[in-house]
Amino acid sequence: MAATGEHPVSLAFSKALASHPGHYSFYATVRRIEQLSPDCPRVGSWESSLKPAVRFAQVPHLYFPPSELFDYTLASGGGCGTLQVYFFGLFGPGGALPLTLTEYVHERSRHHYDLTMQRFADIFHDRLISLFYRAGTRPQAAVSYDRPEEDELGEAAKALAGVPTDPTGAAPLPAFAPVAFGRELVDRDQAGALCRTLEGFFGVPVTLRQHTPCRIPIDEEARCRLGRSGVCELGRSALLGERQRSITEQVTLIIGPLPYERYARFLPGSIGYQRLQAWLKLMSTRPLIWELQFRIMTESIPAPSLDATCRLGGNSIFPDPQSETTTCTLTLNF
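Numbering (my numbering), first residue to last: 69 to 402.
Hint data in this document are derived by calculation from the structure and do not stem from the laboratory. Note that the coordinates shown come from a computational prediction; the quantities given were computed from them, not determined experimentally. Among the clues, some could well be false.
Unchecked claim - In silico EDC-like pairs for lysine to aspartate or glutamate, Cα to Cα no more than 20 Å straight-line:
#	residue 1	residue 2
1	119	267
2	349	359
3	226	310
4	119	194
5	83	139
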């Protein structure tokens, strides 16, 4: 936070803008001021009049301006600066007032040092120019993301894509990731959507094999017990054992072929592993057993060594010299 009496905009940028205002464009300049003033409300918002990052004014002129900006002055004793513009306002060849009034205000301010009319008009210029900036930048995703905590477009895109409002499930993912793949999140029930999302995010080939056979445990109350009614009827509800075969509860995600260095980023405990878990939770509409198969390029696998870097069942792999790829399997239960 800026100290008391300190201007929120950096001094270096203020000096550069004040020295050569004609070298800057309006939207880029005000956006930069917003970025350098994180403690001030966004320009054009209803709170901006209480603690503005910049004030706006228009200089009276009778010629077609060579640039959008005229001058930038810093208030004495700190506070926000004032940005004077050419292109928008009551004065000038393109202004709302007749040129005779522009000429009168220009003469009073230039030759008589009377700024009364100009300052009175700047009361309206300040608010109207700030609203003009907000209207032009509000639909811009890049400007909205300058302040992630106030990213209105990002929140709207997440709502359209059906991203959960509870951020705990997607916490390891970058904030922009669910929005960038919002189109795929709409079709999250489709296997192709999951593969395209993971391929685009991680940059590795991904294939999904559905209906993988597995054995799932039978609930205690559904297990067959002699003398128990309802679960011991032959040909109807009687099941032997504690598990039953199923082809609807498990899917296999095949990742690769990829080099060993990329595989190491998916090991349990790594950020890649956490992000993969977050994507699978986000893209799943019901609980599933995920079997991950990594196809690693054999020539990239280092020889195992007995030291602190060797993890049995993790990065210690004995490749098949007769095959181009070696498969490592990992099972996740969500």
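Each hint tested on the structure:
At roughly 45 Å between alpha-carbon atoms, residue 119 and residue 267 are farther apart than 20 Å, so this suggested pair is violated. Taking the CA atoms of residue 349 and residue 359, the gap is about 14 Å. The hint holds against a cut of 20 Å. At roughly 42 Å between alpha-carbon atoms, residue 226 and residue 310 are farther apart than 20 Å, so this suggested pair is violated. Restraint check for residue 119 and residue 194: satisfied, since their Cα atoms lie roughly 13 Å apart, inside the 20 Å limit.
For the suggested pair residue 83 and residue 139, the alpha carbons sit about 11 Å apart, so the restraint of at most 20 Å is met.
Of the numbered hints given earlier, the model fails hints 1 and 3; all others are met.
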